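K.L.:
Sequence:
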Amino acid sequence: MLRIWLASGEELAPVSRQKIRVWDLKRHLRTEHGFPACLQRLICDGVCLEDAHYVTSPCELQLLLSMDASKQQRLAVGAELVSYAAEEGPARVTQFLLRVCPDKDFHGQALRVAAHKGRAEVARLLVEAGADTNSPDAKHKTALIHASSSGHTKIAELLLDAGAHKDACDLSGKSALAHALCNGHIETAHRLLDAGADKDLRGLDGRCSPSLILAACAGDTEIIQLLLDAGVDCSEALMPAACHGHSEIVRLLLDKDARALDGESALARAASNGHTEVVRLLVEAGAVGQ
Numbered sequence: 318m319l320r321i322w323l324a325s326g327e328e329l330a331p332v333s334r335q336k337i338r339v340w341d342l343k344r345h346l347r348t349e350h351g352f353p354a355c356l357q358r359l360i361c362d363g364v365c366l367e368d369a370h371y372v373t374s375p376c377e378l379q380l381l382l383s384m385d386a387s388k389q390q391r392l393a394v395g396a397e398l399v400s401y402a403a404e405e406g407p408a409r410v411t412q413f414l415l416r417v418c419p420d421k422d423f424h425g426q427a428l429r430v431a432a433h434k435g436r437a438e439v440a441r442l443l444v445e446a447g448a449d450t451n452s453p454d455a456k457h458k459t460a461l462i463h464a465s466s467s468g469h470t471k472i473a474e475l476l477l478d479a480g481a482h483k484d485a486c487d488l489s490g491k492s493a494l495a496h497a498l499c500n501g502h503i504e505t506a507h508r509l510l511d512a513g514a515d516k517d518l519r520g521l522d523g524r525c526s527p528s529l530i531l532a533a534c535a536g537d538t539e540i541i542q543l544l545l546d547a548g549v550d551c552s553e554a555l556m557p558a559a560c561h562g563h564s565e566i567v568r569l570l571l572d573k574d575a576r577a578l579d580g581e582s583a584l585a586r587a588a589s590n591g592h593t594e595v596v597r598l599l600v601e602a603g604a605v606g607q
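For reference, each letter of the sequence shown is one residue, going 318 to 607 in the working numbering.
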């Protein structure tokens, strides 16, 4: 049994472990009591224990929280804030870390991590603490792009309500909407469209977003219908849909008067692949074989 006291004299709940590494004990105390691991100092017989040290039961320890505000500690606190944003655990740890971490760069990093991992409560605390919702990572992905790419709709809503740029693009030219569509996150895409996200899904090269082409190739009728309802030009999806024999998507596109933009007609591609239902739909719509 490990018995641990705070400097105030208060005894914490004992830890029923025969042997445990100091760092793992700190993480346990963080989970149970909300003390950031990087601020904990565990003292045994007047000696501050190193993180790699092991303590063996029975043992009595004193827990001190170091708040020296040195540069080294500030960096450690910031690093823990970012890493903890990716972990499951009580949000009160984030609150504690935010109180002792003034560096807004770390706040932005932690927000992107929380958005990617779906930690909504942590993301909320970071936003309330003033984290920059638009700070990008090395690939120019913002927190909104991370949330949308992972399908975390509640976090996307939080970021949009906090003023996140709806149409920011990463280095590949893909927006949050394009990422949501590419990964099949319909609810998130709906929320982005409701918020007024740009419907132009063309990338940096001016071509239609791969998400639209992928949806057509995979026969994802729901995505195509969502985009059509939002007024997105889906004409470039006709060719891959016809080529893969997705008759329902072809029907939807023809209802919107879509036309193939490639040199080879959608009719020819459908016929060569033996998709008779698609051929029938195209012929009825007035397509002429080449």
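If you're looking for bench data, these hints aren't it; they were derived computationally from the structure. Predicted model, so just to flag it, every value in this text is computed and none were measured. Where is the CB? At the ideal position from N, CA and C, for every residue including glycine. Hints should not be assumed to be uniformly reliable.
[Said to hold, decoys possible] No farther apart than 25 Å at their CA atoms in a straight line, the calculated lysine to any residue pairs in the SDA-like style are these:
no., residue 1, residue 2
1, Lys388, Ser374
2, Lys388, Val372
3, Lys456, Ile530
4, Lys483, Asp511
5, Lys388, Lys471
6, Lys573, Ala479
7, Lys434, Asp484
8, Lys434, Gly406
9, Lys388, Lys434
10, Lys483, Leu543
11, Lys456, Val417
12, Lys471, His482
13, Lys483, Glu445
14, Lys336, Ser387
15, Lys421, Ala403
16, Lys471, Lys573
17, Lys471, Cys534
[As the list claims (entries may be wrong)] Computed Cβ-Cβ distance ranges for the label pairs, DEER-style:
no., residue 1, residue 2, range
18, Lys573, Glu445, 53 to 59 Å
19, Asp484, Asp420, 24 to 30 Å
20, Asp420, Asp341, 47 to 53 Å
K.L.:
Taking only the CA atoms, is the gap from Lys388 to Ser374 under or equal to 25 Å?
P.N.:
violated (35 Å)
K.L.:
Between the alpha carbons of Lys456 and Val417, is the straight-line distance 25 Å or under?
P.N.:
violated (28 Å)
K.L.:
Check whether the Cα positions of Lys421 and Ala403 lie no farther apart than 25 Å.
P.N.:
holds (18 Å)
K.L.:
Given the hint that Lys336 pairs with Ser387, test it: the Cα-Cα distance must not exceed 25 Å.
P.N.:
violated (32 Å)
K.L.:
Measure nothing beyond the straight line between the CA atoms of Lys388 and Val372; if it is 25 Å or shorter, mark the hint as holding.
P.N.:
Violated, because 29 Å separates the two Cα atoms, which is more than 25 Å.
K.L.:
Are the Cα atoms of Lys471 and His482 separated by 25 Å or less?
P.N.:
With Cα atoms ~16 Å apart, Lys471 and His482 stay inside 25 Å; holds.
K.L.:
Has the given pair, Lys456 with Ile530, been kept, meaning a C-alpha gap of at most 25 Å?
P.N.:
holds (23 Å)
K.L.:
Between Asp420 and Asp341, does the beta-carbon spacing fit 47 to 53 Å?
P.N.:
Cβ of Asp420 to Cβ of Asp341: about 27 Å, so the range 47 to 53 Å is violated.
K.L.:
Within 25 Å, alpha carbon to alpha carbon, are Lys483 and Asp511?
P.N.:
holds (11 Å)
K.L.:
Quick check on a hinted range of 24 to 30 Å for Asp484 and Asp420, using CB atoms only.
P.N.:
Given about 28 Å between the Cβ atoms, the range holds.
K.L.:
Holds or violated: Lys434 with Gly406, Cα cutoff 25 Å?
P.N.:
Status holds; Cα separation ~13 Å.
K.L.:
Holds or violated: Lys434 and Asp484, Cα atoms, limit 25 Å.
P.N.:
holds (21 Å)
Checked against the numbered hints given earlier, the structure breaks hints 1, 2, 5, 6, 9, 11, 14, 16, 17, 18 and 20 and satisfies all the rest.
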